[in-house]
Amino acid sequence: MANTQFSDTIHVLVYIAYFKGKKITSQEMASSLETSPSLIRKIMANLKRSSLLAPTHGPTQLALAHDPAEITLRDIYATLPGQTPLLNVDTHTSQNCPVGQTVPKVLTHYYQEIQAAAEAKMAKITLQDILNDVTLMQRLTAE
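Each residue of the sequence shown is one higher than the one before, starting from 5 at the first, in the numbering used here.
Be aware that one or more of the hints could be misleading.
[As the list claims (entries may be wrong)] Result set (BS3-like, lysine-lysine): computed pairs, CA atoms no more than 30 Å apart in a straight line:
id	residue 1	residue 2
1	Lys24	Lys52
2	Lys46	Lys125
3	Lys52	Lys27
4	Lys26	Lys46
5	Lys109	Lys125
6	Lys125	Lys52
7	Lys46	Lys27
8	Lys52	Lys26
9	Lys52	Lys109
10	Lys24	Lys109
[Claimed, not checked] DEER-style ranges, computed between Cβ atoms:
id	residue 1	residue 2	range
11	Tyr115	Pro85	34 to 40 Å
12	Met141	Val107	36 to 42 Å
13	Lys128	Arg53	23 to 29 Å
14	Gln119	Pro59	31 to 37 Å
15	Gln31	Gln99	48 to 54 Å
16	Thr145	Val103	44 to 50 Å
17	Gly86	Lys128	37 to 43 Å
Read the hints as simulated data drawn from the structure, not as lab findings.
The C-beta atom is built at its ideal place from N, Cα and C for all residues, glycine as well.
Use the sequences and the hints to build the structure in full.
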């Protein structure tokens, strides 16, 4: 099953940026993500600890700690608790088989290259890029 932590965290940040200056509740964000308010509060607590969300004056006064153009997907990815690689090798393979012995080692090398390439690409995509796309898609669907 896919882990959606990264997507959910981006969603929360985009939501806060999209509704900048408005009162926002964890219930409203939870509705947007179709999840529980407690999960939203956990995500927001993590974002505050990671200095991506500004300290607030009240539960509904949410703001980004930086301009969306200064927050990259790599920055967001780095905040995920228990951050694991995007791809994981199954190491529970037979050591009595030449394929089982070597495939995990070979895949580890390739997966590390894929991870580095993905993180390099994440460093080039900002929260502002995502916000711009969301805004554009909203305009296009409204027409």
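These are the hints, each one checked on the structure:
1. Lys24 - Lys52: Given pair Lys24, Lys52 holds - Cα atoms ~16 Å apart, limit 30 Å.
2. Lys46 - Lys125: holds (27 Å)
3. Lys52 - Lys27: holds (17 Å)
4. Lys26 - Lys46: Holds: Lys26 and Lys46 sit about 21 Å apart, inside 30 Å.
5. Lys109 - Lys125: The given pair, whose Cα atoms are some 25 Å apart, holds under the 30 Å limit.
6. Lys125 - Lys52: holds (24 Å)
7. Lys46 - Lys27: holds (19 Å)
8. Lys52 - Lys26: holds (18 Å)
9. Lys52 - Lys109: violated (38 Å)
10. Lys24 - Lys109: violated (47 Å)
11. Tyr115 - Pro85: 34 to 40 Å: Since the Cβ atoms of Tyr115 and Pro85 sit about 21 Å apart, the hinted range of 34 to 40 Å is violated.
12. Met141 - Val107: 36 to 42 Å: About 41 Å separates the Cβ atoms of Met141 and Val107, which means 36 to 42 Å holds.
13. Lys128 - Arg53: 23 to 29 Å: Given a distance of about 25 Å, which is inside 23 to 29 Å, the answer is holds.
14. Gln119 - Pro59: 31 to 37 Å: The hint (31 to 37 Å, Cβ to Cβ) holds, given that Gln119 and Pro59 are roughly 33 Å apart.
15. Gln31 - Gln99: 48 to 54 Å: Given a distance of about 52 Å, which is inside 48 to 54 Å, the answer is holds.
16. Thr145 - Val103: 44 to 50 Å: Check passed, 49 Å falls within 44 to 50 Å.
17. Gly86 - Lys128: 37 to 43 Å: With Cβ atoms ~25 Å apart, the hint is violated.
Violated hints, listed in ascending order, are 9, 10, 11 and 17; each of the other numbered hints is respected by the structure.
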